[in-house]
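Novice: Sequence:
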Amino acid sequence: MADDTGSELFANYEAELKLVQADLSQQLDRIPELTGEPRKAAISQAERAVDEAKELLDSMRLEKQNLPQSSKVKINQRFRNHESDIDASKRKLASLKDDRSALFGKRYRDEPAGSAQDEQLAQRQQLLSGTDRLDRSTGRLRESQRLALETEDIGRNTLADLGRQRETIEHTRSTLLESEGYTDRSNKTLRGMIRRMATNKIVTIAIITVLVILILAVIISKFR
Numbered sequence: 001m002a003d004d005t006g007s008e009l010f011a012n013y014e015a016e017l018k019l020v021q022a023d024l025s026q027q028l029d030r031i032p033e034l035t036g037e038p039r040k041a042a043i044s045q046a047e048r049a050v051d052e053a054k055e056l057l058d059s060m061r062l063e064k065q066n067l068p069q070s071s072k073v074k075i076n077q078r079f080r081n082h083e084s085d086i087d088a089s090k091r092k093l094a095s096l097k098d099d100r101s102a103l104f105g106k107r108y109r110d111e112p113a114g115s116a117q118d119e120q121l122a123q124r125q126q127l128l129s130g131t132d133r134l135d136r137s138t139g140r141l142r143e144s145q146r147l148a149l150e151t152e153d154i155g156r157n158t159l160a161d162l163g164r165q166r167e168t169i170e171h172t173r174s175t176l177l178e179s180e181g182y183t184d185r186s187n188k189t190l191r192g193m194i195r196r197m198a199t200n201k202i203v204t205i206a207i208i209t210v211l212v213i214l215i216l217a218v219i220i221s222k223f224r
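No gaps in the numbering here: position 210 of the sequence shown is 210 in the working numbering, and each next residue is one more.
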């Protein structure tokens, strides 16, 4: 799946989001059948699911920025589809929350004032919702910390590899410099040998010339 999406982390977020969406859809389908306290509890659960879905969308939005350009076309389309689904769920949940007669049952009144029990229940639901969000945020923080540690390990290994490569390059450079030194000495030796050969050739020619002159002198002296 990671090869198709381009990121294993993005794929994990997407799989988790699909589970949250399925659970949210079931809750939204169940809410119209409920009234009173059960309806309030179901709405609170649906709100928490929406919050969790939004957090997952935010994580996916950040992660998809790190994907290669070749993978972003499909990723962006799937991301927009998920956003549309969540927006539709939010609108449906808002319409269910506006149905106050179903929400409060027989205790519903047109006046805005609510009972102390209702206020306590609302506060309790808000506290539970905040606790759930805190737990999810803690989970996200732990995941981010894990990714940071993995990134640090990768960076450390990369630096170690670069260090070894640098040592190899320096060793190769040193070997090349030594080879250049050997080449220079070889060139000097060859030039010296060439000079000696040229000198020997000149000396040989001079000796031969002297011998020829002597021979000619002897022959001339005999005919006189």
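Note that these hints are calculated values from the structure, not bench results. Any given hint could turn out to be false.
Okay, derived cross-link-like pairs now, DSS-like style, lysine-lysine, Cα gap no bigger than 25 angstroms in a straight line [unchecked claim]: (1) Lys-74 / Lys-64; (2) Lys-40 / Lys-90; (3) Lys-18 / Lys-90; (4) Lys-54 / Lys-72; (5) Lys-72 / Lys-92; (6) Lys-74 / Lys-54; (7) Lys-40 / Lys-54; (8) Lys-40 / Lys-97; (9) Lys-97 / Lys-18; (10) Lys-90 / Lys-54; (11) Lys-92 / Lys-40; (12) Lys-97 / Lys-72; (13) Lys-40 / Lys-72; (14) Lys-92 / Lys-54; (15) Lys-97 / Lys-64; (16) Lys-54 / Lys-97; (17) Lys-18 / Lys-92.
Novice: Please name the hints from earlier in the document that this structure breaks, with their numbers sorted from lowest to highest.
Specialist: The structure breaks hints 5, 12, 13 and 15; every other hint is satisfied.
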